[in-house]
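We have chain A; now place chains B, C and D onto it with these hints.
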Amino acid sequence: MNEATLERGLNAFREQVDAPVAAFFSSCVSCGLCAEACLFYTETGDPKYTPIRKLEPLRRVWEQEYTLIGRVKKVLGLVEPVTDELLQEWQELLYDSCTMCARCSLVCPVGNDIAYMVRKAREGMVASGNSPTDVQAAAERAVRIGSPMGVRYKALAAQIQHIEADTGLVIPVDQVGADYMPLLSSMEVINFPEYIESLARIFQHAGLSWTLCSDAFEATNTGIQIGSSDIARELVQRIVDGAERLQVKYVIAPECGHAYTSIRWDGPDLIGRRFPFKVLHILELLDELRVSGRLKTEKPSAERITFHDPCSIGRKGGVIDSPRRLLGLVSSNFVEMKDHGTWNWCCGGGGGVSANTDAEALRTRVFRRKKDQIEETGASKLITACANCRLVIEEGLEAYNVELPMEGLTELVAHHLVED
Amino acid sequence: MNALKSIPVLVEAPATRDFCYQNTLPLLHEISHALRRLQQEQLPTTIDLNAIPFGPGDEQRLLEFLGRGEVSAHLEALGNSSVWESGYPGIWFIEHRNESGERVAFQMEITTLPAILATHPDDIAESLSSLQKALENPSLGHRIGD
Amino acid sequence: MNDAMDFLLWARGTAFDVALTIFIIGVIIRLFEILSLGRPRSLAEPKGNQLLPGMKSVISRTLPDNGTFKRQPLTVIAGYLFHIGLLISLLLFIPHIELFNATVGFGWPGLPNPIVDAATVIAITGLLAALWNRLTNPVMKLLSDKEDYLVWLLTFLPLLTGYLAYHRMIEPYPLALGLHILSIELLLILFPFTKLMHTFTLFLARWYNGAMSGFRGVQS
Amino acid sequence: MDTNTKTLGEALRRNGVTRRGFLKFCTATASMMALPPSMVPAIAAALEQARRPSVIWLSFQECTGCTESLSRSHAPSLENLIFDHISLDYHHTLQVASGEAAEAAREAAMHANEGAYLVVVDGSIPLGNPGYSTIAGFSNLQTLEETVAGAVAVIAVGTCASFGGLPKAYPNPTGAVSVSDIVTDKPVINVPGCPPIPMVITGVLAHYLTFGTLPELDHYGRPKAFYGTSIHDRCYRRPFYDKGRFAHTFDDEGARKGWCLYKLGCKGPMTYNACATAKWNQGTSWPVESGHGCIGCAEPDFWDAGGFYNALSVPTGEISRNASYAIAAGVGVGAIAAGINQRTRNKAVRQHAEVTIEDLEKR
Chain A
1 MNEATLERGL NAFREQVDAP VAAFFSSCVS CGLCAEACLF YTETGDPKYT PIRKLEPLRR
61 VWEQEYTLIG RVKKVLGLVE PVTDELLQEW QELLYDSCTM CARCSLVCPV GNDIAYMVRK
121 AREGMVASGN SPTDVQAAAE RAVRIGSPMG VRYKALAAQI QHIEADTGLV IPVDQVGADY
181 MPLLSSMEVI NFPEYIESLA RIFQHAGLSW TLCSDAFEAT NTGIQIGSSD IARELVQRIV
241 DGAERLQVKY VIAPECGHAY TSIRWDGPDL IGRRFPFKVL HILELLDELR VSGRLKTEKP
301 SAERITFHDP CSIGRKGGVI DSPRRLLGLV SSNFVEMKDH GTWNWCCGGG GGVSANTDAE
361 ALRTRVFRRK KDQIEETGAS KLITACANCR LVIEEGLEAY NVELPMEGLT ELVAHHLVED
Chain B
1 MNALKSIPVL VEAPATRDFC YQNTLPLLHE ISHALRRLQQ EQLPTTIDLN AIPFGPGDEQ
61 RLLEFLGRGE VSAHLEALGN SSVWESGYPG IWFIEHRNES GERVAFQMEI TTLPAILATH
121 PDDIAESLSS LQKALENPSL GHRIGD
Chain C
1 MNDAMDFLLW ARGTAFDVAL TIFIIGVIIR LFEILSLGRP RSLAEPKGNQ LLPGMKSVIS
61 RTLPDNGTFK RQPLTVIAGY LFHIGLLISL LLFIPHIELF NATVGFGWPG LPNPIVDAAT
121 VIAITGLLAA LWNRLTNPVM KLLSDKEDYL VWLLTFLPLL TGYLAYHRMI EPYPLALGLH
181 ILSIELLLIL FPFTKLMHTF TLFLARWYNG AMSGFRGVQS
Chain D
1 MDTNTKTLGE ALRRNGVTRR GFLKFCTATA SMMALPPSMV PAIAAALEQA RRPSVIWLSF
61 QECTGCTESL SRSHAPSLEN LIFDHISLDY HHTLQVASGE AAEAAREAAM HANEGAYLVV
121 VDGSIPLGNP GYSTIAGFSN LQTLEETVAG AVAVIAVGTC ASFGGLPKAY PNPTGAVSVS
181 DIVTDKPVIN VPGCPPIPMV ITGVLAHYLT FGTLPELDHY GRPKAFYGTS IHDRCYRRPF
241 YDKGRFAHTF DDEGARKGWC LYKLGCKGPM TYNACATAKW NQGTSWPVES GHGCIGCAEP
301 DFWDAGGFYN ALSVPTGEIS RNASYAIAAG VGVGAIAAGI NQRTRNKAVR QHAEVTIEDL
361 EKR
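Residue numbers (the working numbering), protein chains in the order written: chain A, 1 to 420; chain B, 1 to 146; chain C, 1 to 220; chain D, 1 to 363.
Keep in mind that the hints were calculated from the coordinates and are not lab data. The beta carbon of each residue, even a glycine, is placed where N, CA and C say it ideally should be. Treat each hint with caution, since some may be false.
[Unchecked claim] Some but not every residue of chain D turned toward chain B, in silico, with C-beta under 8 Å: (1) 25; (2) 38; (3) 49; (4) 52; (5) 97; (6) 234; (7) 289.
Pulled out of the complex, with its shape left as it was, chain A reads as follows (with noise of 0.2 Å):
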């Protein structure tokens, strides 16, 4: 059996130096600007969360193996190497202050992706063994269970009994040839089960054929959160195979954030092929529906509301124009927070933060901007497409007193459907 060392860890961040990161390093003249777009200093004011600084073990493994003049250095002893006790100290960095939301990325005066090199920063953590134990237990329940929060096949079918019952909808589940396999977050199974009978609900109503996939329906990745693309790509497998198994010509990313990322993004390169289905985000196929006329809705309601972009699925996915037209479709009222879209701020609890209780009062500190951003808008209701920045926020307006009803945007969507 393997086991977690330094030696491994810095094997790990040899191999995930590439050209662009070696640009990066190359290009940063320590203005510190990146500190401006992250939640973690603006909130706290300490500089150690600057996020170019979080890289500091990632940078000193490429300046030392993949520069001249970093290996002349080192030989004369005159760069300080990484041991275990930078990456224990800098655990709380990569994982406890960063939820990889690449608004740092956005603003870098020299277009240093700094979250594209945390995530890489991560894959040497894990190898060294030090991610935080909580996305680690998450990580094992995954793999072990299905899902990281523990969430059995039995569970959803008992959700899809419920709902089932209660609204007469149809749930198909392993149905071989249908078009859409939807994936599901465990926290929809288990907090917001209102997601899978809207589905249910948009589906029929566009009368389309789709199935849930019984050993394939947690879509989170905990491989992508911890920084594991090992774990990632046993993951991702197990998405592939149920997709191939049910031959469903489309698999649809829930309203989760790094869920899209992994399957959309990342998952063709994990397991090194591309995949014979294409990957839609939910707000994707809906806004698709909308301009084919396939959704009918009820005249848009005066209520004012706005719209959180969860970072993985704008800044990072690209889906930032779909949820405004379909918002459109269903409000008369909606308000722009004043930095949306690309520009949104993270939630607080992207990139296994929310996982991760050593963050939680940072988290809760931090998640202020999100507050008032939210607060300024003046809307009495939040929608949102990330069932994780919905919980974050949920427990954030908690613990600041803040009370604002929330709701999924796919929800939103389908409560709006008319039927003729």
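Just chains B, C and D now, kept in the frame of chain A:
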């Protein structure tokens, strides 16, 4: 070799009165400041024109610009010298030449009367005594210093 | 008696040759080091093009976003003052253009000296402001290591000596000019091995960032 | 010897010079010394009391161009008045005496004016082999050291005497050095130029004659009155430089219009001399006005300063050739560096041990 011939060995003064690139314009401004000083504080100014980096034609343009006024004086001492007031009263030119006609100094004085024209008090005293001697003995002639 | 002239001749001759050679070899090594590491092609289905957004980012990152500007106006303004002043005085001063002409075989029109002089003052002011910022801004203070200060000095010296030489504030002039040239040679020699490399690599960095975003259909 | 005790004022009056004539003389002297007109009264007062000094002129490794320059002012002039008033006791180009008589005149002057005479030197002094240049059987070094011993000051006229000049140019076969390399215990005034402007030579003598002191000198021992400003700063073409208007060849439009000659190698910006105002040939013109850039002849090592026609900012080496070698070398070494990097990473990829949930936690 045609190209070589076309190189002007001496850059000819442009025919225009364009002061823009040369040192004449700033000099004229300096002169006008000096004139104001003379008017308001009775302070004369002397400018050594040899120390001004004139380009080709600059001096000519300056002289043409200022013109000649109503006073000219001729001086014979260690060669000829000319003193004249420009067209702008109070601006004087003093040009000293040596015995062989080479210019040894060229100055501009912004003053009521150039110092060199005024008679020195010692010369007046000597003049008086010489005149008296001459009156006593008219055959002695009239020149000082002889 | 002739030390200053000997020094200038050395700076313009041997020292310049050595510095330029180290600079060129060093920069090429650095670029090879970076590019040799490659970037795996993604197997995911692209949502957008890479080339155009990449190019766009190369240009658009020159402008700060509104939020950053409001939060750190000094960093942004000092950066602009310095970079614009430097580019003008480096690339549009006639003696410099003549040097490029002799090195690369072509030149371009320059600017009148008073403008270049003003640009130099702006660049120097920008650099001093940047240093003050680096010493007082808590984020920059924490981020900065010896190299950051070295790079600052290496950039500051040519501007300062150039200014002093142009205004004859060091005597004799050959010493002033020699010091100016020597300070540039120092800069050239250390350029490939310090953050000064960002002059070249930022184009790579911006392109990668823009291209990776463009691939996912996001504007960067 | 009578003239030695007479002041200039007395001498002038004896020659029938009037007060206006004297004032004119003082004005011309101020102009020649590049002093402001406000100095004229002080000059007049000083000249009244000035006494005639003895001057010994030594010529070493030189081309006689400096003497030629000085004697260009051949017509009776104010310069002549000054030379009338100094006692040029030894100058082997100009003096009538020759051979032993000439050397005797030098020794007599040195003896009679011990501690008070001026030594003017043109030419450099060879140290490589004393035989390269001798006068009356003595090496230049011997003559110089012996003559300077009793002098009050030395005026090094011309670039050879001031800085070594052409003889010292690479590879300096005679081991030529400047006067100030040898004379370190006496004031040395350098009047460089190849040749120096005649007015500058006489201006320095006039200063010593007038005030009995040495003029204020710059870093290179040159009188600041003449060498205080660069050719560039006093050049009438300077506005073209500032506006970026240049001649690119000697026969283009810019050359015809009299634009700046910087790009044709003008050394004006680094050359300190009075050419732009004193001009040459009785104020007729000067090199830049005639269409040729300054070659920097009043500066040390001007022969070796990178070519007369190369712009000042251009390095002296063969940059393009060196750059192409450097590029070739860079590609070579860069390829090796790239290979090392790829090997390092490939090795890391090969050594990758799969991360499983069993080994997430460090044990």
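Verification of the hints:
Here the hint on residue 25 of chain D is kept, as its CB sits about 6 Å from the closest CB of chain B, short of 8 Å. Checking residue 38 of chain D against chain B: minimum C-beta separation of about 7 Å stays under 8 Å; hint holds. At about 17 Å, the closest approach between the beta carbon of residue 49 of chain D and any beta carbon in chain B exceeds 8 Å, and the interface hint on this residue is violated. Interface restraint check for residue 52 of chain D: the shortest CB-CB distance to chain B comes to about 19 Å, outside 8 Å, so the restraint is violated.
A distance limit of 8 Å between C-beta atoms decides the matter here; for residue 97 of chain D the minimum to chain B is near 28 Å, and the interface restraint is violated. With 8 Å as the threshold, the beta carbon of residue 234 of chain D comes within range of chain B, its nearest partner Cβ sitting at about 4 Å, so the hint holds. Hint on residue 289 of chain D holds. Least Cβ distance to chain B is approximately 6 Å, under the 8 Å limit.
Checked against the numbered hints given earlier, the structure breaks hints 3, 4, 5 and satisfies all the rest.
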